[in-house]
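Visitor: For reference, the chains in residue letters:
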Amino acid sequence: MNKRLSWFVLLMLVLGFAFLYGPIVVLVSYSFNDNKLMTLWGGFSTRWYPILLQDEAVLTAAKNSFIIAAVSATFATVQGTMAGYVLARYRKFHGRVAFSGMVTAPLVMPEVITGLSLLLLFKQLDDVIGWPDRMGFTTVILAHITFSMSYVTVVMQSRFSVFDMSLEEAALDLGARPLKTFLLITLPIVAPAVVSGWLLAFTISLDDLVITLYTNGPGSGTLPQLIFSKVRRGVDPTINALATLIITLVASGVITSHILMTRSEKRRQRDIQLALQINK
Amino acid sequence: MASDVPQQTSLPLGGQIRSILIALGFKPRTAVILVPYLWLTIFFVVPCIIILKISFAQTVIAQPPYTPMFGPESVPHDQLFDNFKRLFQDSLYYKAYLNSLNLAFFSTLICLLIGYPMAYGIARCSPSTRALLLLAIILPFWTSFLIRVYAWKSILSKEGVVNDLLLGLGIIDEPLLILYTPAAMYIGVVYTYLPFMILPLYANLEKMDLSLLEAAADLGCRPLKAFCVITIPLSLPGIIAGALLVFIPAVGEYVIPELLGGPNALMIGKVVADEFFQNRDWPMASAVAVAILIILVIPIMAFQYFQGKAQEAPK
Amino acid sequence: MAAERAKAEPSTQIWNDPNAQPYIRIENVTKKFGDFVAVNNVSANIYRGELFALLGGSGCGKTTLLRMLAGFEQPTSGKIYIDGVDMADIPPYERPTNMMFQSYALFPHMTVEQNVAFGLNHDKTPPDQIKSRVDAILDMVQMRQFAHRKPHQLSGGQRQRVALARSLVKEPKLLLLDEPLGALDKKLREATQFEIMNIQDRLGITFIVVTHDQEEAMTLSTRIGVMNNGQIVQVGTPKEIYEYPNTKFVADFIGSVNLFEGNIVEDEPGHVLIESTEAGCPIYIDHGISAAPGAKVWVAVRPEKMKLDKTKPDDANNCAGGVVKGIAYMGNMSVYLIKLDSGKEVKVTMSNQRRAAEHAIDWDDRVYVTWHANSPVALLS
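If you're matching them up, the sequences are chains A, B and C in order.
The first sequence begins at 2 in the working numbering and counts up by one.
The second sequence begins at 113 in the working numbering and counts up by one.
The third sequence begins at 675 in the working numbering and counts up by one.
It should be emphasised that the hints constitute simulated quantities derived from the structure, not laboratory data.
Misleading hints may appear alongside valid ones.
BS3-like cross-link-like pairs, simulated, lysine-lysine; straight-line CA separation at most 27 Å [said to hold, decoys possible]:
id, chain 1, residue 1, chain 2, residue 2
1, A, Lys-93, C, Lys-753
2, C, Lys-847, A, Lys-181
3, B, Lys-421, A, Lys-93
Construct the complete structure from the given sequences, taking the supplied hints into account.
Guide: Written out as structure tokens, the structure is:
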């Protein structure tokens, strides 16, 4: 088998990555453009950053986004973990098919439909029980929990399906009750998956625009909503600066966690090697 | 030390509560199932029923702005499907559906044509390079989708990088109008959803048994032919998963047409929003949304089916 | 050997005492998974201080039976009593049993010490006692110096010892071991077998071991229950199982055996005479079985209980002529494959008391296979 890639595959890789990263490079470089008409290069400048960081509306929207993302990711992680556990463990119960369908459907449901249907639900609820009165934090968070818990469920289901059941049985056997077993054994072992599930839910919530547009009200506008309204009106150099900040933040987070994970895996492998050698 | 007699008499309080609940036929596992089950019923199933219900109503100037399902003011039976009939009669609607399906279909095709060689290339790299390239594919997914679409807005504009480049190279004399054309939307959709195509393809190609290709070569099959008769058929599940992951969200796409397609782009996701927010026609907006769902029901079921198979497989 | 140990200490042959109370009573236990019957109407009595082995191939139901004793599975029907208490409604965490898992099931996020202390923490043992008991048990399995390691930093043998320590530290009345030595290599396995026997002697805990390895079962246990298709087909000491198998299955499953099909000609209290065309000679057995004359039986003779001669012996009974078709040299012994005149092939083993070159028997030699009248067992099924 020739290990070398053909020139065609190599070319596609180069072009593909250029396609994926080109716009980001352009965006970042324009954020340092002195010219207000961002398509013309007017020399290097960082002047858009202070303007951005003094913009009250941007700061409020960012704060709203973080609150919504953190709260909804937390609830979504709890529910998604439960749903993933149920799907991986309980092979047979009444309504399992319906349940697994319900869990995965929001993943593939077009956002406009999810958004509109949730909005209609809230309006209907308001007519019937007088709640939620108006759209805002509560409704956005409820909506975000609903669609991001599906992502957490997928992550947790695949984690639980490779979980060695005998670990739980061993704990029960040694006298730990089921709840204790879950808290002391199951949860700590699947903790990395829970964390990545939370991060996924957090990112998805932070990034969401369409569902938020339908279910949010005045006073709790998120960062994507703000960017969307600004961008729709035209180009705005502070958005470039904002985009650069977000990209830097996310990229450094993802890359750091990748490095940390690779390192701990390497250390683990070394430990295993060492353990084997000592015993020989 | 475990005691001789099971401690039936001196159960702690928690144990007593537990035994009472169990005696009532309520097991802890029921609670674990019930919480997410109820949540999804209230916030996913019920909204779907509501949207279906409203799609049969007619708009009225009232609060709520549609006719009730039952009672004297409800829609007469012969007018129940009026909203859906309008979808076929009014060119605004069916053109929007056709445009959206077109956009989704060709974007999926382009994603496959770009994504397949890339996924193939990554899967054939050494493990360390592979991890790095995979990270590079996933990274854009973690960064804001909106920002990445916005980036194209300036790149494709009349004074943008693309035109600068083409003018500078002397390929064109006049700046091209790309922004606010269908081409811009295709670029936006392909750009946004390319990782969704590559990842399932990669997952499939990576675990493919290379000895199959060796066997084919051994039996006298040329590399290109081996690729066509072995690699592609075997990667079909990956192709299907990737295509569905691109196609389904692309049909209902709202943001990309809104930002890159310009004011005249007639896309179905936009029609829903306009009907609801601009015209305040809830029944029509619901009918348009229900129709999207009807179109997508087969792709969604297909995806669920393949997803289910993939989940059961590694056991 | 365990069998010898049992003989040396008659007190351990408690199962022969009609007044003894069984410690574990398994009564007509059946377990079904859907349509599949994993355990089929099994009954057994196991006594205090025994090391009882459940032996059988994969899928014979031995692990399911063990899991029902631990409480991870509920019998579909039948009862399990431990020390006279019906276990039906008792969850695993309230049973006086502990289990050592085939995969060891060490908690990967806890150190060796924490793993071992886990059971004591859930027992309301005072903290100072926990520490001393964990140290003592780790000393016993010689793992004290690894107390602060995590499972992935241990070798297979070390993990196995930690798992054993963890299941012993609560001093359960009944210890269940699921293929305890399965994951170890041969040398380590032999050493550990004797370690387990020592611990069992010292602590006097009742052990039930599930294994597919007949050698392991023979070495370790006081008694063996041989399982097949969800049923226990024979219970007995290793010696009884080997020397007096009650069915063709047991005879064939434990060790290697030659089986001759035949019919009973004479059945007296003191002897049986069997006519067998497969053997090509009358078979005389010096103990009686109770079966009608003419009944079909199978005669089982172990290869090491057969002898090869080049000259025809005087006695016409228990003597079959044949030709050497193969010789496998195994070091301490050689296995001879003999094709009898009837066409039946038998295996005969002879220990190599002298150097192989001096052996007189060679390929294609005409030989006579003989055995003593007390060697064969006649089996009705």
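Visitor: Do the alpha carbons of Lys-93(A) and Lys-753(C) lie within 27 Å of each other, as the hint requires?
Guide: Status holds; Cα separation ~26 Å.
Visitor: Sort out whether Lys-93(A) lies within 27 Å of Lys-421(B), counting only the CA atoms.
Guide: Distance ~17 Å between Lys-421(B) and Lys-93(A) Cα, so the pair holds.
Visitor: Does Lys-847(C) pair with Lys-181(A) here, judged by a C-alpha cut-off of 27 Å?
Guide: Satisfied, since the Cα-Cα distance of roughly 23 Å is no more than 27 Å.
Of the numbered hints stated above, none is contradicted by the structure.
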